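Chemist: Residue numbers (the working numbering), protein chains in the order written: chain A, 1214 to 1658; chain B, 60 to 577; chain C, 889 to 1212.
Heads up, some of the hints might be wrong.
Over the 10 Å line for every Cβ pair with chain A, so calculated as not near, a few chain B residues [what the hints assert, rightly or not]:
#, residue
1, A121
2, A195
3, V241
4, L258
5, G286
6, T326
7, F342
8, E382
9, A489
10, N566
If you want the footprint, here are the derived chain A segments under chain B, 3+ residues with CB under 8 Å [what the hints assert, rightly or not]:
#, region
11, 1412 to 1424
12, 1483 to 1489
13, 1627 to 1638
Simulated from the structure, these hints should not be mistaken for lab results. Please read these numbers as outputs of a predicted model, since none were measured by experiment. Ideal Cβ placement from N, Cα and C applies to all residues, glycine included.
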Amino acid sequence: MPLGIVGVAALALTGCVGDAEPGASEEPGSTGAAAEGCEDYADYGTFDGAEVNVYGTILDEEANRLNESWVQFEECTGIDVVYEGSAEFEAQINVRIQGGNPPDLAFFPQPGLLASVVETGAVLPAPESVAENAQAYWNETFQGFGTVDGTFYGAPLMSSVKGFVWYQPALWEENGWEVPTTLDELDELTATIAEAGVTPWCVGFGSGEATGWPGTDWLEDYVLRLHGPEVYEQWVAHEIPFDDPRIVEALDRVGDLIKNPEYVNGGIGDVTTIATTDFGDAGLPVLDGECGMHHQASFYEGFWSDDNSVTVAEDGDVWAFILPGTEPDAAAVTGGAEIVAAFSDAEEVVATQTYLSSPEWANSRVSLGGVLSANSELDPANASSDLLRQAYEILQDPNTTFRFDGSDSMPGAVGSGSLWRGMVDWISGADSASVLAQVEQSWPQ
Amino acid sequence: MTTMDLVGKLLQVVVGLAAFGAVVALLLAFLDRPEDKPRPASWREAMRAGLRPRLVLIAAFALLAILARVLYGAVPWMTQGLTNAAIGLGVAGIVVVLLQWLLDRLLQRASAPVRSAVMRALGAVLVVALVLVAQASPSIPALDWVTPALVFAATVVGWPLAAALIATALIAFLPDRTRRSVRLIAWLLAAVAVVAISLVLEQGREQAVGVWPWAAAAGLSIIGVLGYFADHDDDSKPMLVFLMPAALLLTVGLVYPAIRTTVLAFTDRTGAFNGVDNFVWMFTQPEALITLANTVVWVILVPLLSTAIGLAYAVFIDKSRGERVYKMLVFMPMAISMVGASIIWRFMYAYRGPEQEQIGLVNQIIVWFGGQPQQILQNSPWNTLALIVVMIWIQTGFAMVVLSAAIKGVPTEQLEAAEIDGANPWQRFANVTVPGIRTSIVVVITTISIATLKVFDIVRTMTAGNFNTSVVANEMYTQAFRSGEPGRGAALALILFLMVMPIVIYNVRVLNQQKAIR
Amino acid sequence: MSSVAFTPDPEITPDRVAPAVTTRADRVKRRLTSPWATIAALVIAVLWTVPTFGLLLSSFRPADQIQSTGWWTFFSDPQLTLTNYREVLFSGSASSPQLGEYFVNSLAIAIPGTLIPLVLACLAAYAFAWVRFKGSSTLFVIVFALQIVPLQMALIPLLQLFVTFLQPFQDALHEAVPFISERQFLPVWIAHAIFGLPLAIFLLHNFISAIPGDVIEAARVDGAGHGQIFFRIILPLAMPAIASFAIFQFLWVWNDLLVALVFSTGTPDTAPLTQRLAELAGSRGENWERLTAGAFVSLVVPLIVFFGLQRYFVRGLLAGSAKG
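Between the sequences and the hints, there should be enough to build the whole structure, so can you do that?
Modeler: Set out below in structure tokens:
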């Protein structure tokens, strides 16, 4: 009866809907390869009306610059790169993959997350052209970040260096404080600053639902510097227990500084304020001279002021040095990078992924300011600040031991779960050994 | 934003709502249809009876097609595809109307099951024909506008639809006296048949039929189950119509996920069965008991306090001057998202050292009264209360709006009678108003309890579950999404479900009491 | 007593507030309000408003001041700026256009996202309340219990279903009408409808089932079918309940972020205001000044809806009483 008729009508409806006009949805801006300045992009080919969906954690101003960085690529190839950023990336990427709706490309900020996503089988190995670029322009350490179980999945996008210690040069000069060259000197300097009546450190672990991560940076920096890259890697890969005595020692060293009521929390309050102070606000007392030092990654450069009224320079309002090692000139740093992984092997996706691994893109993005890439063909002159140039030198220095941020490489249950909470418990009074033992227990079997 | 984008969005809303309205109207058209319309005596009479509505329909379809052809080329947004669609729809509509008219007449002397069976069988043939044409379209020049997406759509809908039509055509032959259980079995068998037929068809074909047959089977099963509940008397048949859309959506969107969650709760990260490991983990992790205890505290305090305050407020402002503004003020937190509310309150609770200027109002007030500023969000167990305050702040508006409406329904005569009996205002409230709005109070408490059990944004935004403030829902989100442990998350979801059971049971009892009284 | 207890709500006894009894009601009312009650109401109103007021004031203060001093210092040192709002409203770019587009999206999501579950829930609630069939209670309890299925656990299966079942049709629609983007609102509407249904059915059932049986019986005796009863009796009488549920459902949809994150595409084609504001707030929520201003921008529409429908409560009541 009517059911059948309705069905026929519905089908008749869909059966007649069609659009045979190729390129009807073509963007007015895509003029094809004939446009000027497109010689560099000829190898990528041209794609009329093709679209590549990109998903990542980068938001707001940074996302705008990202979009700006590939404008010419879009114009020359006709590919429309649609970037979507989300603060919920870590959770949503899993939802989308399991829901059968993955993006074409995703920027993974954590190798640990990439590894767990690779387990689902949704990520495609990097195409030949990307692998070639990675070998040509990135050192082995960085290539390793995009490699899971021996398969290479993607090249890094941007890179950052962690473990900077920020200070106010004028205040230091006035008091005759010197940049320390070893961790022991740092301890001494801390005591000196405290004696001078300035609280040496200001720290903030607060970061909404990610509260605790600045603490993991402290721990990682100390593990790497005190015990070297081998122990660090074993620890991250869980080849030694999470609460190995060496790790406990590192955390205790951190505790000597930032759990000491005499040394914290400059310009904010006492030790208990660390857990709730937002990391973004934590360093600001440095500007007022109420706090001697603030430990945070290179990206903190952008946090000092909204309107660039604070100059970041060796002789400016603030400057930073890399947290030293046990020996002078020991060059071991932690840092991060986004890995560009693909969920589709369509030609336009491959072209985009290849472009993003090229020096052209790295220079295009870095010259827009604020970030850095570890691409070896990057022109340091493009970097927007002295600090980034300093960081780039560290990255390119063959003597530098660079290790990825450990918690980002661990399984999510630890790296963005129990370890964060453990750091909060620790700064709220729990002792190092028991906190690390608890994290050890939470490591997924 | 270009105008075209805006038009596209507007069109989506208009078309979407119109389609939804049409579906609902179609469903309702099944209601109030006189079951035993006197059969027209003669062929001619029958033709005349259905003439006018059909002519109107044919004219409308023709107009659509002609309009499309005229507009094509005249206005930029009338694309070739759109024109094709409109003309196709018009022509198909006319054909269908004519066909149905003809069949109706041809079969008018046949019995009802035969008629419906023939109609459905014919529908199935048409569907199959259309699918075949669509699949053959790449080799037919006249059909070059049929894109692969269309062929796909036609295929995936067509096969199961045809199968379902044939299956239901057969069911129509079941005699009226057939027992309900037999009917149910027949529907379920039809569902199985659809899947089976599709799987057979899938053999030797390049394009997988995918999950469509399963969907058709699920639809048939729902109809069967609803039909099972419907009695044979005329009164309950409309139930099918009224419940069908909701039942369909709920099955797909909630029942299926609930079953999936239950299964997931017994699996590990890789999806392998791991017995009760997740539950063991849940009760052995150090903070498990605190999390559970917190959840219990939440679910007791939030519904009671927000309902009590909402009720008191509703009574106080009832019929007072400026009642609307009063309502607005307490309702406002409802209009702020949970995350927004959490941000506001993080601001309220903000802490600065004693020697500094406070920026959080609560600590500032403590300081004004000579106290020491407190780390409100860190000092367990008071921090849980601080979070609960946020939820109460939000939910009071809900309680107030619903209860205020209820209070206005309490008969004035009863209040007056109580007054004459010498009852004071409190007695009048306790003995007349409260019993009068009891049902509403139960509804409000139930709703807020369930909302409280599910809340996770407040905890996540304000403390991220640190400092012993976590609740089950927050742990669930963390495990399932951030830690990549869906099994553990599902196990926690099951615990939530158990916790809500008492509320469900209580409501069932109230429901039964009500039924008994009616 | 029992008849009092179970024929409670205003909707069902609308004649009580009909003009005829106003004078009596006024007399009772006078006796019920005491100065203490007024004071208590004022205290609650102030307590409930202060946090929001603080937010409002903060949204007009310069960014650095928000971080360093309490908003009440405004009264001793008044400094206001519109920068925060300018930043939130007009900081458009190629990738993320101005807020206006997201505003349109929010409306395009919230209106059908409210109407669809509302209509379906009315139909279902009527069936549960006034159509007698075996297993009615069992089915109702199941629907009621579905409320607790956590949204989060339903996201992935539902997304899978949408990608398989809806995507082909969305693509086909886009091909036929190119200026309808292939990223459409349909999945978001359906998701909101599904998640709103159990509570909607539960709430509306409570109101609809409380409508006096004799009214419906009388209609049935007059020969009215279910459709007529539904449209002529149930809908007008339950209008206040429907209006209040409409408000709540609208608020939930308007303020939702989770469903939008999964089912909208995150691009300006479909992403609602909440998603954009979350983005503006920065990945680690450091932009206080934008959060405060953004929260107020998104607050405006729900408040308008509340004001608009609040009047409707009263109209629904009167409409019912005129007939009763």
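Chemist: Hint by hint, note whether the structure agrees.
Modeler: So, going through the hints one by one against the coordinates:
1. At roughly 15 Å, the least C-beta separation between A121(B) and chain A is larger than 10 Å, which holds for a residue marked as non-interface.
2. Once the 10 Å rule is applied to beta carbons, A195(B) is consistent with being away from chain A; the minimum gap is 12 Å.
3. Against the 10 Å criterion, V241(B) stays outside the reach of chain A, whose nearest CB is about 21 Å from its own CB.
4. For L258(B), the requirement that its beta carbon stay farther than 10 Å from each beta carbon of chain A is met, with the minimum near 21 Å.
5. For G286(B), the non-interface assignment is confirmed: its Cβ lies about 14 Å from the closest Cβ of chain A, beyond the 10 Å cut-off.
6. Under the 10 Å C-beta cut-off, the non-interface status given to T326(B) relative to chain A holds; the minimum distance is some 14 Å.
7. At roughly 14 Å, the least C-beta separation between F342(B) and chain A is larger than 10 Å, which holds for a residue marked as non-interface.
8. The Cβ of E382(B) sits about 39 Å from the closest Cβ of chain A, beyond the 10 Å cut-off, so the non-interface label holds.
9. The non-interface label for A489(B) is consistent with chain A: the shortest C-beta to C-beta separation is roughly 44 Å, beyond 10 Å.
10. Residue-level check passed: N566(B) sits 32 Å from the nearest beta carbon of chain A, beyond 10 Å.
11. With 4 residues having a Cβ less than 8 Å from any Cβ of chain B, the region 1412 to 1424 of chain A passes the three-residue criterion, so the hint holds.
12. Judged by the Cβ-Cβ criterion of 8 Å, the region 1483 to 1489 of chain A is covered by chain B as claimed, because 5 of its residues qualify and three suffice.
13. With 6 residues bearing a CB less than 8 Å from a CB of chain B, the region 1627 to 1638 of chain A meets the requirement of three and the coverage assertion stands.
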